[in-house]
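A.B. asks: The lines below spell out each chain.
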Amino acid sequence: MSSGIAIRTHNLTRRFGTLVAVDRVNLTVPRAHIYGFLGPNGSGKSTTIRMLCGLLKPSAGEAEVLGLNIPREAEVLKRKIGYMTQRFSLYEDLSIIENLEFIAEVYSLSRTRRHERIAQQLELFDLKDRIKQRAGTLSGGQKQRLALAAATLHEPELLFLDEPTSAVDPQSRRDFWEFLFQLANHGTTILVSTHYMDEAERCHALAILDRGSMVADGTPKALEANIDAHVIEIERADLHAARQLLLQVPRVLSVTQLGVRLRVLVDHAVDDATGFIKDALRASQPGVDVQLVRASLEDVFVAATQLRNRERAA
Amino acid sequence: MNSLRRIFAILQKEIRQLSRDRLTFGMIIGIPMIQIALFGFAINTDVRHLRAAVADESNTELSRTLAADAQATQVIDVIAHVRTATELEALLRDGDIDVGLYIPPDYPRRLQQRDRSAAQLLVDGSDPIILSAARQLATLTQHYDSEPPQSLRAALFDIRNHFNPERRSAVNVVPALMGVILTMTMVLFTAVAIVRERERGNLELLINTPVKTVELMIGKIVPYIFIGLVQVTLIVLLGMLLFRVPIEGTVANVYLGSLALIAANLSLGLLISTLAQSQFQAMQMTFFFFLPSILLSGFMFPFAGMPKAAQYIAEVLPLTHFVRIIRGVMLRGADLVHMVPDLGALFAFTAVTLTLAVLRFHKRLD
Ligand SMILES: Nc1ncnc2c1ncn2[C@@H]1O[C@H](COP(=O)(O)OP(=O)(O)O)[C@@H](O)[C@H]1O
Ligand SMILES: [Mg+2]
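Protein sequence lines correspond, in order, to chains H and E. FYI, my numbering numbers position 75 of the first sequence as 75, with every residue one higher than the one before it. FYI, my numbering numbers position 138 of the second sequence as 138, with every residue one higher than the one before it.
Just to be clear, a hint being listed does not mean it is correct.
Unchecked claim - In the DSS-like style, the derived pairs of lysine-lysine whose C-alpha atoms are separated by at most 25 Å in a straight line are: (1) LYS363(E) to LYS132(H); (2) LYS212(E) to LYS308(E); (3) LYS128(H) to LYS143(H); (4) LYS363(E) to LYS221(H); (5) LYS80(H) to LYS308(E); (6) LYS143(H) to LYS132(H); (7) LYS308(E) to LYS57(H); (8) LYS80(H) to LYS132(H); (9) LYS57(H) to LYS80(H).
Stated by the list, open to error - Cβ pair distances, simulated, as ranges: (10) VAL251(E) to GLU155(H): 49 to 55 Å; (11) VAL352(E) to ALA32(H): 22 to 28 Å; (12) GLN284(E) to SER166(H): 53 to 59 Å; (13) ARG72(H) to LEU359(E): 15 to 21 Å; (14) PHE280(E) to ALA314(H): 45 to 51 Å; (15) LEU247(H) to LEU275(E): 49 to 55 Å; (16) ARG20(E) to SER166(H): 43 to 49 Å; (17) ILE34(E) to GLU155(H): 47 to 53 Å; (18) GLU155(H) to LEU295(E): 40 to 46 Å; (19) ARG15(H) to VAL358(E): 56 to 62 Å; (20) GLU155(H) to LEU359(E): 32 to 38 Å; (21) GLN133(H) to VAL230(E): 29 to 35 Å.
Stated by the list, open to error - Derived coverage of chain H by chain E (criterion: at least 3 residues anywhere in the stretch with Cβ under 8 Å from a Cβ of chain E; other residues may be distant): (22) 48 to 61; (23) 104 to 118; (24) 176 to 183.
If you are wondering where the hints come from, they were derived from the structure by calculation, not from laboratory data. The beta-carbon is built from N, C-alpha and C at its ideal position, and this holds for glycine as well.
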């Protein structure tokens with residue numbers, strides 16, 4: 001199947017006992033895109049990825065990955081995908097070169113191809129100076145590079161990366177993303193989960209997950225533009241008192257302190273959000289500076305999850 | 001072709017990891033050595049200075065020579081002389097002596113008769129050391145001052161084996177010990193080898209590659225078959241060198257019988273690996289299986305002496321069948337052809353556990 005869609009799911013659901021870890025998720029991931037899964041711990045990112053790889057059986061719903069029905073055709077899929085697990089899952093008691101050779105054998109790369117690919121990967125991921133070092137003794141960044149080198153050794157069409165940068169310093173994260181863009185430019189589809197907003201912003205498109213549900217999806221721009229809330233910033237106020245007060249106001253979705261400012265999300269249904277906030281603070285803090293600002297991805301995330309909470313409570 | 005390559009890749013990786021895992025490597029060699037040393041010490045046949053008493057009701061020149069010869073072996077120290085067999089038994093029961101030498105009144109006449117033993121050794125058979133020592137004594141022959149030794153007589157002594165009807169010695173224990181060691185190590189090693197990968201997260205990566213379940217299992221098992229055979233060789237050699245344990249049957253039969261047990265244990269290990277969530281659980285399950293194996297297989301206690309229910313359970317355990325096979329092959333010179341029921345039981349056990357393991361092992365996490 002060479003259509004433009006790499007992954008499509010319909011009401012994908014996974015239960016563990018009574019816990020619904022993934023709840024009716026509908027995904028559409030275009031090919032050659034970097035698609036993000038943004039969500040806090042326990043929101044179902046890993047579980048969704050595992051279902052898409054065929055490692056976990058969905059409790060309900062359908063998934064089609066690279067045109068294959070999952071989990072029925074999972075074995076065929078395995079040659080076409082690479083998977084970088086959340087936890088380092090190469091062999092810590094084997095050296096870098098031994099790990100890569102093992103992976104090459106398991107994917108049945110031809111002898112010449114194997115040498116070529118391993119040499120390329122060692123070069124690309126800056127591992128060639130330490131090929132004999134045991135994987136267990138590598139630093140977080142080195143481990144991550146080795147894991148990615150292994151996951152892409154057989155040049156998969158589709159790459160799953162489960163929180164790949166959680167144990168890595170900022171410089172390594174930047175380098176890592178550079179590499180992801182190179183891959184995507186060559187046509188690889190990448191699904192990457194993260195809980196970093198800056199990473200989510202770099203994705204072509206993303207889905208926001210919250211407690212198993214997909215609460216929003218789209219390009220970062222579209223998500224920011226279509227946020228279901230007004231974003232307000234408050235300055236020159238007794239921030240602590242203002243925050244306490246605003247938290248009591250209905251239709252205020254969230255209040256977050258950012259240095260000397262308060263960032264407030266107000267329900268979309270409110271027409272004049274700045275006026276609304278000023279009114280709320282008029283009695284106690286008349287001199288405050290209230291401004292409507294552009295939404296960030298984090299605002300989108302907070303608004304989506306807060307709105308869902310309210311719906312639930314209602 | 002690709003399948004073979006993947007199996008070989010797993011095999012090679014397994015051997016590499018094994019050679020770096022000092023603990024497991026130590027266990028492979030260490031367990032047989034320690035066990036042989038422990039059991040070997042306990043069953044050391046070369047015992048000296050057992051406390052003994054003599055009841056010489058014959059009181060003739062011949063009987064006094066016999067008592068002196070027994071003392072001269074240094075196996076026993078005669079610490080008392082009593083008058084009757086009853087007194088000897090009392091001393092034995094109270095634990096005052098280990099061996100009682102009873103020479104009946106008609107000793108000289110008995111010596112002439114071939115079908116009866118001339119004298120008796122009363123032995124505290126509850127202790128295998130003493131029992132084997134007594135056997136050594138029983139090889140004594142009557143010395144005559146004038147005539148040449150009588151070679152016609154098969155046994156001078158009749159060993160009255162008190163408290164332990166089944167005779168045991170290194171010869172009897174070492175072959176069965178091989179089975180015990182294989183049961184302990186083979187089950188544990190395979191179970192842990194796979195559970196460890198799950199625990200460390202390696203399995204999540206591995207099952208996401210084109211590796212097939214069967215390839216994974218073969219790649220994991222084959223190194224341990226070799227390890228099992230190394231252990232067999234080690235035990236047989238130590239048994240021969242230290243305790244002169246014979247191989248009456250053929251060496252090929254020893255290895256074939258051992259392979260059947262190794263196969264049964266490795267499949268069980270695989271099955272356990274599909275059930276256990278952690279290495280600790282795998283160890284618990286192995287132990288849960290190991291204990292009845294050791295107790296009921298006939299290794300510790302004579303099979304015939306066990307209650308019926310225990311015998312039925314024992315028939316399910318691979319070790320029971322192996323103990324029969326290996327004692328037959330090594331001690332009685334039996335051929336495997338004559339041990340089809342026991343071999344069949346081992347194959348059946350292997351087939352059932354292996355099938356269950358393959359069915360239970362999914363290339364999935366749930
Ligand atoms: N094998 C499992 N058994 C039971 N519960 C699980 C299992 N795997 C995940 N969960 C639960 O499912 C939820 C989602 O987990 P996960 O997909 O790992 O979230 P994330 O990757 O976003 O942190 C969590 O509440 C987690 O505890
Ligand atoms: Mg996760």
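A.B. asks: For every hint, state whether the structure bears it out.
C.D. replies: Status of the hints after comparison with the structure:
Restraint check: the Cα-Cα separation between LYS363(E) and LYS132(H) comes to about 31 Å, which exceeds 25 Å; the hinted pair is violated. In summary, the hint linking LYS212(E) to LYS308(E) is not supported, as the alpha carbons are separated by about 43 Å, beyond the 25 Å threshold. Note on LYS128(H) and LYS143(H): the hinted pairing holds, with a Cα-Cα distance of about 13 Å set against a maximum of 25 Å. The straight-line distance between the Cα atoms of LYS363(E) and LYS221(H) is roughly 39 Å, outside the 25 Å bound, and the hint therefore fails.
The suggested pairing of LYS80(H) with LYS308(E) is violated, with an alpha-carbon distance near 58 Å, which exceeds 25 Å. A C-alpha spacing of about 14 Å is found between LYS143(H) and LYS132(H), which places the hinted pair at or below 25 Å, so the restraint holds. Between the alpha carbons of LYS308(E) and LYS57(H) the distance comes to roughly 46 Å, so the proposed pair goes past 25 Å and is violated. For the proposed pair LYS80(H) and LYS132(H), the alpha carbon gap of about 29 Å is over 25 Å, so the pair is violated.
Between LYS57(H) and LYS80(H) the alpha-carbon distance is near 19 Å, which keeps this suggested pair within the 25 Å criterion. Distance hint check: the CB atoms of VAL251(E) and GLU155(H) are about 52 Å apart, consistent with the given range 49 to 55 Å. In this structure, VAL352(E) and ALA32(H) break the distance hint of 22 to 28 Å, their C-beta atoms being roughly 50 Å apart. Between GLN284(E) and SER166(H) the CB atoms are about 33 Å apart, so this pair departs from the stated range of 53 to 59 Å.
The given range of 15 to 21 Å is respected by ARG72(H) and LEU359(E), whose C-beta atoms sit roughly 19 Å from each other. In this structure the hint that PHE280(E) and ALA314(H) lie 45 to 51 Å apart at CB holds, the actual value being about 47 Å. Roughly 51 Å separates the CB atoms of LEU247(H) and LEU275(E), a value that falls within the hinted 49 to 55 Å. At roughly 28 Å, the beta-carbon separation of ARG20(E) and SER166(H) lies outside the given 43 to 49 Å, and the hint is violated.
One distance hint, 47 to 53 Å for the beta-carbon pair ILE34(E) and GLU155(H), holds here, with the actual separation near 51 Å. At about 57 Å, the beta-carbon gap between GLU155(H) and LEU295(E) misses the expected band of 40 to 46 Å. As the Cβ distance of ARG15(H) to VAL358(E) is approximately 27 Å, the hint placing it in 56 to 62 Å is violated. Checking the proposed 32 to 38 Å range against GLU155(H) and LEU359(E) shows it holds: the Cβ atoms sit about 34 Å from each other.
For the pair GLN133(H) and VAL230(E), the beta carbons lie near 30 Å from each other, so the given range of 29 to 35 Å is met. Against chain E, the segment 48 to 61 of chain H contributes 6 residues with a C-beta closer than 8 Å to a partner C-beta. That satisfies the three-residue criterion, and the hint holds. Remark: the segment 104 to 118 of chain H is confirmed as covered by chain E, as 4 of its residues place a Cβ nearer than 8 Å to a Cβ of that chain, reaching the required three. For a cut-off of 8 Å, the count of residues in the segment 176 to 183 of chain H with a CB near a CB of chain E stands at 0, and the three-residue condition is violated.
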